[in-house]
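**Q** Chain residues, written in single-letter form:
Number of protein chains: 2
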Amino acid sequence: MNIAILFGGSSFEHEISIVSAITMKKVLKKSTITYIFISPQREFFLVDTEKINSKLFSSGEYKKGKQLTLKQGGFFADGLFGSKQVEFDVVMNLIHGRDGEDGKISSMMTFFDIPFISPRTEASSLSYNKLYTKFLAESLGVKTVAYEHLTKNGERKVTMDYPVIIKPVRLGSSIGVSIVKEASELDYALDVAFEFDSDVIVEPFINGVKEFNQAGCYTDGWELSIVEEPQKEEFLDFEKKYMDFSRDSQVLSADISDELKEKIQGAFKTLYDPLFRGSIIRCDFFVVDNEVLLNEINPIPGSMANYLFPDFEGMVNRLAKHLPKEQKISIDYTYIHSIQSAKGKA
Amino acid sequence: MNIAILFGGSSFEHEISIVSAITMKKVLKKSTITYIFISPQREFFLVDTEKINSKLFSSGEYKKGKQLTLKQGGFFADGLFGSKQVEFDVVMNLIHGRDGEDGKISSMMTFFDIPFISPRTEASSLSYNKLYTKFLAESLGVKTVAYEHLTKNGERKVTMDYPVIIKPVRLGSSIGVSIVKEASELDYALDVAFEFDSDVIVEPFINGVKEFNQAGCYTDGWELSIVEEPQKEEFLDFEKKYMDFSRDSQVLSADISDELKEKIQGAFKTLYDPLFRGSIIRCDFFVVDNEVLLNEINPIPGSMANYLFPDFEGMVNRLAKHLPKEQKISIDYTYIHSIQSAKGKA
Numbered sequence: 012m013n014i015a016i017l018f019g020g021s022s023f024e025h026e027i028s029i030v031s032a033i034t035m036k037k038v039l040k041k042s043t044i045t046y047i048f049i050s051p052q053r054e055f056f057l058v059d060t061e062k063i064n065s066k067l068f069s070s071g072e073y074k075k076g077k078q079l080t081l082k083q084g085g086f087f088a089d090g091l092f093g094s095k096q097v098e099f100d101v102v103m104n105l106i107h108g109r110d111g112e113d114g115k116i117s118s119m120m121t122f123f124d125i126p127f128i129s130p131r132t133e134a135s136s137l138s139y140n141k142l143y144t145k146f147l148a149e150s151l152g153v154k155t156v157a158y159e160h161l162t163k164n165g166e167r168k169v170t171m172d173y174p175v176i177i178k179p180v181r182l183g184s185s186i187g188v189s190i191v192k193e194a195s196e197l198d199y200a201l202d203v204a205f206e207f208d209s210d211v212i213v214e215p216f217i218n219g220v221k222e223f224n225q226a227g228c229y230t231d232g233w234e235l236s237i238v239e240e241p242q243k244e245e246f247l248d249f250e251k252k253y254m255d256f257s258r259d260s261q262v263l264s265a266d267i268s269d270e271l272k273e274k275i276q277g278a279f280k281t282l283y284d285p286l287f288r289g290s291i292i293r294c295d296f297f298v299v300d301n302e303v304l305l306n307e308i309n310p311i312p313g314s315m316a317n318y319l320f321p322d323f324e325g326m327v328n329r330l331a332k333h334l335p336k337e338q339k340i341s342i343d344y345t346y347i348h349s350i351q352s353a354k355g356k357a
Numbered sequence: 012m013n014i015a016i017l018f019g020g021s022s023f024e025h026e027i028s029i030v031s032a033i034t035m036k037k038v039l040k041k042s043t044i045t046y047i048f049i050s051p052q053r054e055f056f057l058v059d060t061e062k063i064n065s066k067l068f069s070s071g072e073y074k075k076g077k078q079l080t081l082k083q084g085g086f087f088a089d090g091l092f093g094s095k096q097v098e099f100d101v102v103m104n105l106i107h108g109r110d111g112e113d114g115k116i117s118s119m120m121t122f123f124d125i126p127f128i129s130p131r132t133e134a135s136s137l138s139y140n141k142l143y144t145k146f147l148a149e150s151l152g153v154k155t156v157a158y159e160h161l162t163k164n165g166e167r168k169v170t171m172d173y174p175v176i177i178k179p180v181r182l183g184s185s186i187g188v189s190i191v192k193e194a195s196e197l198d199y200a201l202d203v204a205f206e207f208d209s210d211v212i213v214e215p216f217i218n219g220v221k222e223f224n225q226a227g228c229y230t231d232g233w234e235l236s237i238v239e240e241p242q243k244e245e246f247l248d249f250e251k252k253y254m255d256f257s258r259d260s261q262v263l264s265a266d267i268s269d270e271l272k273e274k275i276q277g278a279f280k281t282l283y284d285p286l287f288r289g290s291i292i293r294c295d296f297f298v299v300d301n302e303v304l305l306n307e308i309n310p311i312p313g314s315m316a317n318y319l320f321p322d323f324e325g326m327v328n329r330l331a332k333h334l335p336k337e338q339k340i341s342i343d344y345t346y347i348h349s350i351q352s353a354k355g356k357a
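Line by line, the protein sequences are chains L and R.
To convert, note that position 23 of the first sequence is 34 in this note's numbering; the numbers rise steadily by one, no gaps.
To convert, note that position 207 of the second sequence is 218 in this note's numbering; the numbers rise steadily by one, no gaps.
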């Protein structure tokens with residue numbers, strides 16, 4: 012299978028998307044990979060799979076490659092002898108943060124009728140926004156961490172006990188996130204967060220909370236990853252996260268009871284189906300008093316959470332064959348014809 | 012001002028979008044209009060403003076016009092002497108239903124950095140889905156009509172009293188909507204609705220309920236329309252709705268108290284700001300026991316609800332000058348540079 016990896020984008024996570032994309036070369040060994048880079052200026056460039064490395068992007072050398080145009084059915088390179096379509100079977104959206112996670116890429120792939128692995132637009136809009144993720148989970152009966160919602164121009168009032176964690180609702184990474192240990196630190200943390208977003212959520216910061224990650228997708232059946240207990244850090248700063256996105260070796264399953272595992276996997280399935288069909292996502296859960304709480308949905312997890320799956324490449328192939336189809340709408344101009352007849356016009 | 016009207020699209024409301032678009036020629040008298048048609052196959056065509064009429068589309072004659080390509084900064088026509096940009100100041104998204112209201116157009120306009128009048132992607136995803144509209148309204152403290160949510164594969168249980176109204180959550184028009192007078196009619200109505208969507212909401216059908224429409228936008232201040240009490244029909248069927256989309260003459264304000272008007276306008280402002288900045292929307296409210304309940308948000312109302320505004324064209328011009336700006340993200344490859352240094356690679 013020929014997989015076109017779409018990466019880069021106009022995102023704070025542009026650079027970690029490059030790291031994720033390069034990592035895929037080590038992971039998708041049996042597949043042909045076609046690399047399509049989205050520059051910071053949002054132009055499309057074909058990148059030579061043999062030559063890909065991070066310097067190609069930081070040096071701007073990628074600009075020497077073929078520039079591509081998006082048209083019905085695919086990406087095209089314009090040349091002397093007309094327009095030539097870039098060949099691949101499926102796109103994998105590996106753009107973290109803005110553009111990739113907020114629904115732009117999904118919208119374009121759907122509009123131009125290009126098969127793609129990624130959450131669809133609606134799933135993207137909901138999961139990109141931490142506040143709407145809460146609404147979604149609540150509507151599906153999945154519990155979430157308690158929260159308060161503050162707006163840039165609204166009152167800066169927090170009623171929960173400190174310490175709390177402040178998160179801009181729309182950023183995929185840890186940018187703008189602060190842990191606030193006491194009320195006196197609140198204003199500064201909110202100033203920082205509101206630099207990035209008009210909306211912020213405040214959650215209790217639970218020191219030493221048990222955290223578990225579950226990734227997966229639905230192909231011709233459920234394909235769930237192992238449950239991972241991620242390394243404990245207060246939270247990952249940007250550089251640590253960056254290194255984390257280049258992971259390509261299997262990790263061990265968390266040592267948990269079958270009962271807890273079933274609860275986590277049940278919550279994952281409820282959140283995933285049918286909204287996230289066509290994508291590989293990772294859900295991060297907290298466990299408090301034996302109750303499973305959704306912390307976050309990662310709609311485009313770092314290096315697609317490949318290290319959590321026993322057969323990642325096989326799963327990607329199966330998923331590519333089981334992508335959701337858009338409803339066909341046939342347009343026959345019945346109403347325009349009938350109005351023209353009524354008006355006596357031909 | 013040169014306004015590019017984007018219309019058509021792969022939508023059940025393709026034909027009424029054509030009607031809306033043609034109506035704009037009568038409404039935007041002082042402006043230059045550039046018409047860009049999206050065919051049922053989702054290709055872009057430039058349409059001659061002088062010659063536009065509905066037959067151009069039903070006959071397929073539009074295909075003789077220039078086909079356009081979307082690239083950074085705008086739409087381009089390829090010709091013998093290279094690629095020529097179509098000139099305009101702002102796009103007005105007039106695509107009703109799928110493509111226009113579900114966030115695809117907004118995503119593309121944002122990605123390609125084209126100024127546009129329309130709800131942005133997040134606002135589109137929420138308002139295109141009647142269930143998510145409920146979440147949004149509830150989170151903002153705006154009351155909505157009571158509802159129950161049914162899924163295609165879930166239990167078909169309705170606990171509210173009949174008659175009820177069944178609505179697929181994702182369709183902009185009345186397609187798939189039924190009024191169910193008693194329990195025995197439920198299954199058939201749900202079969203119809205689930206033909207169109209995996210999710211359905213059930214609401215009480217309130218015979219003779221008072222209904223009021225409020226349209227508006229935020230330019231350099233609030234620009235609210237008159238409050239309209241729409242004509243009473245059980246609900247508009249497709250053909251009636253079709254005619255409704257070609258309205259271009261002012262209607263009268265509803266005869267309501269100042270107190271009720273303030274409540275309706277207050278609810279509108281709460282729903283609109285800041286999520287819907289950059290768009291002209293219409294909110295349809297019910298009034299039950301003097302309480303204002305949101306019925307639906309129309310993110311791309313028929314002919315932009317022009318007939319509700321005293322100075323529609325002036326407002327469009329002001330809105331074009333006050334569109335929300337996407338945050339600039341500068342990418343300097345700091346992390347890639349630092350990792351390259353750490354690895355000792357140039």
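Simulated from the structure, these hints should not be mistaken for laboratory data.
Given the structure is predicted, the values throughout are model-derived calculations rather than measurements.
The reader is advised that the hints may include incorrect statements.
Copies of the same chain look alike in the list, so a pair counts if it works inside one copy or between any two.
With a Cα cut of at most 27 angstroms, we get these calculated DSS-like pairs of lysine-lysine [unchecked claim]:
1. Lys75 <-> Lys95
2. Lys95 <-> Lys74
3. Lys280 <-> Lys74
4. Lys74 <-> Lys192
5. Lys274 <-> Lys75
6. Lys77 <-> Lys168
7. Lys82 <-> Lys163
8. Lys37 <-> Lys82
9. Lys41 <-> Lys66
10. Lys336 <-> Lys272
11. Lys168 <-> Lys274
12. Lys336 <-> Lys37
13. Lys77 <-> Lys336
14. Lys40 <-> Lys192
15. Lys280 <-> Lys168
16. Lys339 <-> Lys74
17. Lys154 <-> Lys168
18. Lys336 <-> Lys95
19. Lys82 <-> Lys280
20. Lys75 <-> Lys192
21. Lys82 <-> Lys95
22. Lys62 <-> Lys168
23. Lys339 <-> Lys66
24. Lys74 <-> Lys274
25. Lys163 <-> Lys77
**Q** Now tell me, hint by hint, if it's right for this structure.
**A** Tested hints:
In this assembly of identical chains, the alpha carbons of Lys75 and Lys95 lie at most 27 angstroms apart whether taken from the same copy (17 angstroms) or from different copies (23 angstroms). Taking CA atoms no more than 27 angstroms apart as the test, Lys95 paired with Lys74 passes in both settings, with 18 angstroms inside one copy and 22 angstroms between copies. Proximity of Lys280 to Lys74 under the C-alpha cut-off of 27 angstroms is found in neither arrangement, the shortest distances being 42 angstroms within a copy and 46 angstroms between copies. For the homomeric pair Lys74 and Lys192, neither the shortest alpha-carbon distance inside one copy (46 angstroms) nor that between copies (64 angstroms) is at most 27 angstroms.
Taking identical chains as interchangeable, the C-alpha atoms of Lys274 and Lys75 are never at most 27 angstroms apart, the minima being 51 angstroms within one chain and 59 angstroms between chains. In this assembly of identical chains, Lys77 and Lys168 lie within 27 angstroms of each other by CA distance neither inside one copy nor across copies; the values are 52 angstroms within and 56 angstroms between. Proximity of Lys82 to Lys163 under the C-alpha cut-off of 27 angstroms is found in neither arrangement, the shortest distances being 39 angstroms within a copy and 34 angstroms between copies. When the C-alpha separation of Lys37 and Lys82 is checked against a cutoff of 27 angstroms, the pair qualifies neither within a copy, at 30 angstroms, nor between copies, at 33 angstroms.
Taking CA atoms no more than 27 angstroms apart as the test, Lys41 paired with Lys66 passes inside one copy only; the shortest distance there is 25 angstroms, against 52 angstroms between copies. In this assembly of identical chains, the alpha carbons of Lys336 and Lys272 never lie at most 27 angstroms apart, being 31 angstroms within a copy and 44 angstroms across copies at closest. Taking identical chains as interchangeable, the C-alpha atoms of Lys168 and Lys274 lie at most 27 angstroms apart only when they sit on different chains, with a minimum of 26 angstroms there against 34 angstroms within one chain. In this homomeric assembly, Lys336 and Lys37 never come within 27 angstroms of each other (Cα to Cα): the closest approach is 30 angstroms inside a single copy and 39 angstroms across copies.
With identical chains, the CA atoms of Lys77 and Lys336 are never at most 27 angstroms apart, being 30 angstroms at best within one copy and 30 angstroms at best between copies. In this homomeric assembly, Lys40 and Lys192 never come within 27 angstroms of each other (Cα to Cα): the closest approach is 46 angstroms inside a single copy and 59 angstroms across copies. In the homo-oligomer, the alpha carbons of Lys280 and Lys168 lie at most 27 angstroms apart only across protomers (22 angstroms), although the nearest pairing inside one protomer, at 35 angstroms, exceeds that limit. Only between protomers do Lys339 and Lys74 lie at most 27 angstroms apart by alpha-carbon distance; the minimum there is 21 angstroms, versus 38 angstroms within a single protomer.
Taking the shortest alpha-carbon separations for Lys154 and Lys168, both the intra-copy value of 24 angstroms and the inter-copy value of 23 angstroms come in at or below 27 angstroms. In this assembly of identical chains, Lys336 and Lys95 lie within 27 angstroms of each other by CA distance solely inside one copy; the values are 26 angstroms within and 35 angstroms between copies. Taking the closest pair of Cα atoms, Lys82 and Lys280 never come within 27 angstroms of each other, the shortest separation being 35 angstroms inside a single copy and 38 angstroms across copies. In the homo-oligomer, the alpha carbons of Lys75 and Lys192 never lie at most 27 angstroms apart, since the shortest distance is 50 angstroms inside one protomer and 66 angstroms across protomers.
Taking the shortest Cα distances, Lys82 and Lys95 sit within 27 angstroms of each other both inside one copy (11 angstroms) and across copies (17 angstroms). In the homo-oligomer, the alpha carbons of Lys62 and Lys168 never lie at most 27 angstroms apart, since the shortest distance is 53 angstroms inside one protomer and 58 angstroms across protomers. For a Cα distance limit of 27 angstroms, the shortest separation of Lys339 from Lys66 across copies, 23 angstroms, qualifies, whereas the shortest one inside one copy, 43 angstroms, does not. In this assembly of identical chains, Lys74 and Lys274 lie within 27 angstroms of each other by CA distance neither inside one copy nor across copies; the values are 48 angstroms within and 55 angstroms between.
Within a single copy, Lys163 and Lys77 get their C-alpha atoms no closer than 43 angstroms, and across copies no closer than 45 angstroms, so neither meets the 27 angstroms cut-off.
This entry does not satisfy hints 3, 4, 5, 6, 7, 8, 10, 12, 13, 14, 19, 20, 22, 24, 25, going by the numbered hints stated previously.
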